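Please model the entire structure based on the sequences and the hints provided.
Residues in the sequence shown are numbered consecutively from 0, following numbering that gives the first Met the number 0.
No wet-lab data here; the hints were simulated from the structure. Among the hints, a few may not be true.
For each label pair, taking beta carbons as the anchor points, the in silico distance ranges come out as [stated by the list, open to error]:
(1) V39 to D192: 44 to 54 Å
(2) E124 to R259: 12 to 22 Å
(3) K176 to E256: 42 to 52 Å
(4) Q246 to K210: 27 to 37 Å
Note that this is a predicted model, so its numbers are computed, not measured. All C-beta atoms in this analysis are idealised placements derived from N, C-alpha and C, irrespective of residue type, glycine included.
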Amino acid sequence: MKALASPFVATVAAALVMGFLTPPAIAQNTDAKNQLDAVVKNGKLRVCTTGDYKPFTFHDKPANNYQGIDIDLAKSLASSLGVEAEFVATTWKTLLADFTTGKCDIAMGGISVTLERQKQVFFSEPYLVNGKAPIARCEDEAKFQSIADIDKPDVTVIVNPGGTNEKFVREKLSDAKIEIYPDNVTIFQQILDGKADIMIAESVETELQQKLHPGLCAINPEKPLQYGEMGYMLPEGAVVFKAYVDQWLHLAKATGEFDRIYDSHVK
0 MKALASPFVA TVAAALVMGF LTPPAIAQNT DAKNQLDAVV KNGKLRVCTT
50 GDYKPFTFHD KPANNYQGID IDLAKSLASS LGVEAEFVAT TWKTLLADFT
100 TGKCDIAMGG ISVTLERQKQ VFFSEPYLVN GKAPIARCED EAKFQSIADI
150 DKPDVTVIVN PGGTNEKFVR EKLSDAKIEI YPDNVTIFQQ ILDGKADIMI
200 AESVETELQQ KLHPGLCAIN PEKPLQYGEM GYMLPEGAVV FKAYVDQWLH
250 LAKATGEFDR IYDSHVK
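Encoded structure:
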C-alpha cells in the first residue's frame, strides 16, 4: 500500500506547484530578477562594450562615439524600452569582471558564447553563428590552410589579450610563437608590416579586415576552424530581462531590422 503524504508535505508541494514558494535550487537573485524594471526606471540601458572589434563595436576616439552592428542594435533595444543607450568602456580582459560587478545591464559587441562565461552570466539567444578563422598576408594564404600549417616554430601568431581569440590560440597551438598585442584596432597592420605572420579571429571580422587592409586575406572564412556563436551577456538570474531581449532580437530578425543593420556594416 502506498504511504500517504503528511499534511505538511502536501501543503509544501502544493505551494511549490502554485509558485508561492521557490526551492533553493532555483532561487533567483532579487536584483537580477527585477533588472528589466530597473532599466526602465533608470531611463538608460548601460551597455558594456570593448569598442575595438569591427564590425561589431568600434569607439571613434576623436569623435567620442561608438559605431558598429551591436552599437546600432543596442540603440534599437534601448529605444524599444523607451530609454537611452549608455555605452560603458571595457576590455576583453576585464569584460566578465566589469559585468558581474554591476557596471552595466548588458554586454554587447561580438561576444562569443562560452561555457566558462555561462557559469557566471546569462546569454541571450545566439544572434550569429561564427567561428575562428585565420587572416594573413595574401601571398602566404596557401601556407596556412590548417592548424597544422600554422602550428610551427617559425610562425608568429599575433593575438589580442583576454578574449576567446587568445584562449583558442593557446589551446590549439603548442609550437608556433604567440605574440600578445594590446591594441585590437591596429593589430592587423602588424601583419602587413611583417611583424607577425597571422592572426586568428572570428570569421566575420577577418572578412571585414581584408576589405579594410588590402594585402591581407581571410583564409577559408566560410569554413571556420571551430564552431562558435555570439550572444548578448545578461545578468545571471535575470529571467524576465532575458525573455524581453530574446523577444526583441526575434522581432528584429523577423522584421528585417537585424539584416539591414548587419549589412550596413559588413557589405
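The hints, checked one at a time:
1. V39 to D192: 44 to 54 Å: holds (49 Å)
2. E124 to R259: 12 to 22 Å: holds (19 Å)
3. K176 to E256: 42 to 52 Å: holds (44 Å)
4. Q246 to K210: 27 to 37 Å: For Q246 and K210 the Cβ distance comes to about 34 Å; the hint holds.
Hint check: no violations occur; every hint is consistent with the structure.
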